[in-house]
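A.B. asks: Given next are the chains, with one letter for each unit.
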Amino acid sequence: MLVIPCPYCGPRDEHEFSYAREGHIARPTNAEQISDADWAQDLFMRKNPKGVHYERWMHAKGCRRYFNVARDTVTHEIYAVYEMGQPAPDVKKESGR
Amino acid sequence: MVETYQRRTALAHLGLVGRAAAGKGGAGVVMSEAGHRTIINIRGNAQDPAFAAAVKSATGVDLPAKANTVAGTGARQILWLGPNEWWVTGADGEADALVEALRGAFTGQHATACDVSESRAVLSLKGPKTREVLARGVSLDLHPKVFGIGQCAQTGLSRCNVLLHQVGEGPHFEIYVLKSFSDYLWRWLEQIAGDFDLGIEA
Amino acid sequence: MSNQANRLGTGGRIDRSKPLRFTFDGKSYYGYQGDTLASALLANGVVLVGRSFKYHRPRGILSAGAEEPNALIQLGTGNRTEPNLRATQIELYDGLVAESQNRWPSLANDMGAVNSLFHRLFPSGFYYKTFMWPKSFWMKYELIIRRMAGLGKSPTEPDPDRYDKLYAHCDALVVGSGPAGLAAALAAGRAGARVILVDEQQEFGGSLLHDRQAVIDGKPAADWVASAVAELAAMPEVTLLPRTVAFAYYDHNAVSCMERVTDHLAPNSPDFAKQPRQRLWRIRAKDIILATGAIERPLVYLDNDRPGCMLASAAQTFVNRYGAMPGKRAVVMTNNDSAYRAALDLADAGVAVPAIVDLREDPQGELVAAAKQRGIDVLAGHAVTRVSGKLAVSGVEVMRLSPDAKAVNGPARSISCDLVMSSSGWQPTVHLFSQSRGKLRWEPGILAFVPDKQLPGQNSHSVGAAAGIFNTDACLADGHAAGAMAANAAGCTGSSGDAPTASSEPAAGDLRAVWYVPSSAPVGRQGKHFIDYQNDVTAADVMLAHREGYRSVEHLKRYTTMGMATDQGKTSNVNALALMAELRGVSVPEVGTTTFRPPYTPVTIGAFSGIDKGDFLDPIRKTPLHSWHEQHGAPFETVGQWHRAWYYPKPGESMHDAVNREVKAVRTSVGIVDASTLGKIDIQGPDAAWFLNMVYTNAWSKLEPGKCRYGLMLGEDGMVMDDGVTSRISENHFHMTTTTGGAARVMAWLEDWLQCEWLDKKVYLTSVTEQWAVIGVSGPLASKLMAEVAPELPLDDATFPHLSFRDGVVAGVNSRIYRITFTGEATYEINVAPSYAMHVWRALMQAGEKYGITPYGTEAMHVLRAEKGFIIVGQETDGTTTPQDLGMDWIVSKQKPDFLGKRSLQRSDTGRPDRKHLVGLLTDNPNEVLPEGAQIVAELKDKPPMEMIGHVTSSYWSPNCGRSIAMALVKNGRNRHGETVYMPYDGKVVRAKIGAPKFLD
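Residue numbers (numbering that gives the first Met the number 0), protein chains in the order written: chain A, 0 to 96; chain B, 0 to 201; chain C, 0 to 1000.
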């Protein structure tokens, strides 16, 4: 049971949140020009890294805001939480890992 | 308009008035259903002084900027829900006027008001064992040093989404919950509170 | 009470003034308040308590605590019976009924023991080698094996007891209350920290409860414990939880504990029913101090499982703490000093100790000298090579150990005894630390794993014996320091005071690693060297695994089942790993450590569920009209968490009758339905229309205020996700409705796009599902009824046309009335405040009586919409269905530059001509109602496989059509109208004709 620090409400138990999806994937603005294969890639294929993962959560039982989480998929360490629209921090560099 | 006695609170079917009259227990925790009240959901940019000013002018209460806090007194309070979302409360029947006042004050801004008064039931729990009862269903730390009077939080209680507000000493908590869940939540709390000398008030 | 043959006259922490009667396998005994079942049995001279899992070997009590692998007991009777409980942890109460397990017909004469004769047929990997062929037979074998190898019996009646669970928070959670744990709790508590102290035993004190030597702060250990507990109990921020096992350590410092609240009480005692039976604590702690102590390892010698073979410290505990003698004449075998203390304590209590067999060549030190002085024969460099006696130990054979400890030689000496105490050293109880995914380190000085590096995000401190510190004074200091640190880290400013200090102890001598004590016979012959008692894994099994190449810890474990019983190998893991290391010629850590997983000891399902069972299993959402439906006999259909009225049977009516009546009423007069559960979302902002254009397939910009429009919502994959009617309240204000089941999903979906993708768009959403109760009035007479209850409302189609809404007063209540239809008949959806919903509903029922107003439920609603060919998302669609598949191309805008799902509709796959299309099906036999989900074939064969071209999505009896109707998704179905298809099911074949998915105009 993780403790996720909601950037708005503060630290809360994992059960208050719902996982949304991998972060920092912008919706293509030129979808019409993209091939079927590339569109499928954009739509369906996701990273599944061992280590830092930049992902999106929603505080479902709290403020209902979406936000970004940089989480280690091995240790569940949460390196950073940050608001939507902010760039992904280089947590490896910042935490010296 | 129809007579107000035709109006029913969410838990009217539980016969709480009769049970309260039987007057048993209550040394540990006292449960009741608060009556109808006005709740207006407002959205806007907290960083925009014009928005805060508009809210203040329409409600007479300062917008609480701090997370999980409540401003105001009595019926008229503003509860923090999120970074751009609050509830303005008022006495029963004030909803239309409040929405109008807020929308008027919001003219020219991207800010909205939406009446949600009828969507929530408000349960009241007070007494020395209240925290013990709530700990059965709330994962938040409600220790008085951590969660005090004037604080609120949207969280889960049992399997329901709620807004929890410590309104006073005792301690005294109010629980806002969607009406459809209120029957379940009341019965769930009542079963728990049965171990803590439960009393019921109308 | 008399007749407890092996009860000491004095001493121990039992209350001899409170005798308790209990039965074991039907025979009556007495014990005392403070006894465990194990100590009471031993006090009565009962040493045979169970049969082993695989070989049905007679077994006795090995330990005095949670690690017990042998003495597994069926406790209680009837609906309270519970299997596989450890006798060493069952507190005795008056009237306790216990039975041994895994034996038939009786413990002393067990038929299953024939397994023992065929032990050569049951080597490790036995199941894999024998029963996996032929593959299909495994299920049959399994059944028989389970019966033979079964442990206790589950109750067959529902659990009569109640359970409790709660969340808790603290600065320091202290697990274990031995010297380190108590010192930690005191240091943290004194400083003002919020402390929770848990201990699995009924009394705090841990090892101090059987320590006769230690003097702490000038007091005998037990007195110091009492004063420490009293001091802690007086601290308002300290919670003391005895009888509470911390069984799981999860991510981010979450620990789950189970408190046995009334398990120590007789079920018929007055206090039993006053409280829940057990309580689950879900604790989030800033710091977790693991003072979980250490578990003694048994030595692996020939027939070391005979009843009467016991851990040295267990024998010491039974004597010192419970005044129960596990035997009258004890031989001790050890590779370390601690067993000497145990031997001396037993000797002091009057147990004869003829010999201490020390595997070490030249043991020295105070304790060794003291033993010799007591006249105990210290046989250095010797080993116990044989245990005689079957149902109880009757003696041992001792031989000289070779210098490399690989063999024994010289003459065998027989010593008669009824107790063999062994010690192979101590393994710190690292289970919780390991569960927290902390790494262990091998400490050669104590031949044990100790906690090393912990995972980031976890914050625990292992102290005392749990960290490999075995000196009481050092444990006190270690615990004190950790407690003070935890308080300090939590910002507490009070003083932790001085660390308690203990009297000096003899320095501990070195251990000798002898992981397999040889006997004169080759391994595996003339007896067994047990390592894992509970799963019957022997040294020979480990050697076989080694020979067959299963040498890593993970292979060893799975091949032999070592450590996989409910005791999780508490007494066996290190012995097995170390033996494997020796066989491989590598160090123990090179073989690896097993991963400990929750729970530390088994936890009841009841504790996990708490009160959340039956009615409380999941919330039941009720509409404001629920009690009316209930009063009118409606059964409820579950839709998500909602309970919706299904139909309203009149006396004597079947469901079929009721639904037919309701469906006909809507087509001929007027029906009334509770549609409050529909999802509703308030959408405001200057970009609201733009937003709707993006999330729906059709166009919204030109919708006039006061008007409504049906919309279809797609996922980005182009598949239908939800549908509903959205109305324009004003230029920048819309009211969206969603399906009942999709409400939460749609809200999250819309918020996702606004919050994550379109941050610059000015739109705010608010869920108003429950701000409005919705009462649908539908049918040819609906407008007549409305004219009566809403006299001021214009009802003519010109001023209040279909797909528009008006604000008005209905039955005296301010309402918003929508003209939209899901039945195909003229419908008014009256939206009112829930607090007035009952009033309005009743007013409509009263006014509608003369028109034959008929309340209808979800079933009739489904029939009505199917007659008209209206889809239900989730029924006609399944996440692979496009608007085109549904024949709803008309709702997909060709003009809009973009909307969610648009690009995917152009994928080659979504454009495929042979996709499944929605069609209508009319069975050749009009009375045949197809089952929903029935598979459809075009070409009928004698037997499967047949090519399946689709399935039935909806199917009903339509009273208005006078026949069955069905909808289906069929490959290329739109181009197959008129074709006959077949649905083979239930041993028959139903024929039907494909047509348009609409049955009534």
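Read the hints as simulated data drawn from the structure, not as lab findings. Because the structure is a prediction, the values reported are computed rather than measured. Each hint should be verified, as a subset may be incorrect.
[Unchecked claim] Think about it this way: if two alpha-carbon atoms lie no more than 30 Å apart in a straight line, the pair counts; the simulated BS3-like pairs of lysine-lysine are: (1) Lys91/A x Lys452/C; (2) Lys144/B x Lys285/C; (3) Lys91/A x Lys970/C; (4) Lys992/C x Lys942/C; (5) Lys46/A x Lys901/C; (6) Lys285/C x Lys128/B; (7) Lys612/C x Lys128/B; (8) Lys867/C x Lys893/C; (9) Lys992/C x Lys46/A; (10) Lys91/A x Lys285/C; (11) Lys970/C x Lys65/B.
[To be verified] Residues of chain C clear of chain B, computed beta-carbon distances all greater than 12 Å: (12) Ala232; (13) Ala369; (14) Ser433; (15) Asn458; (16) Glu547; (17) Arg583; (18) Phe615; (19) Glu629; (20) Gly684; (21) Met718; (22) Ala772; (23) Pro833.
The beta carbon of each residue, even a glycine, is placed where N, CA and C say it ideally should be.
A.B. asks: Hint by hint, note whether the structure agrees.
C.D. replies: We went through each hint and held it up to the structure:
Between Lys91/A and Lys452/C the alpha-carbon distance is near 20 Å, which keeps this suggested pair within the 30 Å criterion. The hinted pair formed by Lys144/B and Lys285/C meets the criterion: a straight-line CA distance of about 15 Å does not exceed 30 Å. For the proposed pair Lys91/A and Lys970/C, the alpha carbon gap of about 51 Å is over 30 Å, so the pair is violated. Restraint check for Lys992/C and Lys942/C: satisfied, since their Cα atoms lie roughly 22 Å apart, inside the 30 Å limit.
Distance check on the hinted pair: Lys46/A and Lys901/C sit about 25 Å apart at the alpha-carbon level, within 30 Å; holds. For the hint pairing Lys285/C with Lys128/B, the CA-to-CA distance comes to about 24 Å; that is within 30 Å, so the pair holds. Restraint check for Lys612/C and Lys128/B: satisfied, since their Cα atoms lie roughly 24 Å apart, inside the 30 Å limit. A threshold of 30 Å between alpha carbons decides the hint, and for Lys867/C with Lys893/C the separation of about 26 Å falls inside it, so the pair holds.
Distance restraint check for Lys992/C and Lys46/A: the Cα-Cα separation of roughly 47 Å exceeds the 30 Å cut-off, and the hinted pair is therefore not satisfied. At most 30 Å may separate the alpha-carbon atoms for a hinted pair to count; Lys91/A and Lys285/C meet this at roughly 25 Å. Restraint check: the Cα-Cα separation between Lys970/C and Lys65/B comes to about 58 Å, which exceeds 30 Å; the hinted pair is violated. Every CB of chain B is more than 12 Å from the CB of Ala232/C (nearest about 18 Å), matching its label as outside the interface.
The beta carbon of Ala369/C is kept farther than 12 Å from every beta carbon of chain B, the shortest such distance being approximately 51 Å. The beta carbon of Ser433/C sits about 25 Å from the closest Cβ of chain B, which is more than 12 Å, so the claim that it is off the interface holds. Every CB of chain B lies more than 12 Å from the CB of Asn458/C, the least distance being 16 Å, so the non-interface label holds. Remark: the non-interface label on Glu547/C is consistent with the geometry, its nearest Cβ contact in chain B lying 49 Å away (cut-off 12 Å).
Under the 12 Å C-beta cut-off, the non-interface status given to Arg583/C relative to chain B holds; the minimum distance is some 47 Å. At roughly 6 Å from the closest C-beta of chain B, the C-beta of Phe615/C falls inside 12 Å, breaking its exclusion from the interface. For Glu629/C, the shortest C-beta to C-beta distance to chain B comes to about 9 Å, within the 12 Å cut-off, and the non-interface label is violated. With a minimum CB-CB distance of about 6 Å to chain B, Gly684/C fails to clear the 12 Å threshold, and the non-interface call is violated.
The Cβ of Met718/C lies farther than 12 Å from every Cβ of chain B, with a closest approach of about 28 Å, so its non-interface assignment holds. The Cβ of Ala772/C sits about 8 Å from the closest Cβ of chain B, inside the 12 Å cut-off, so the non-interface label is violated. With 12 Å as the threshold on Cβ separation, the claim that Pro833/C sits away from chain B is violated: the shortest Cβ distance comes to roughly 5 Å.
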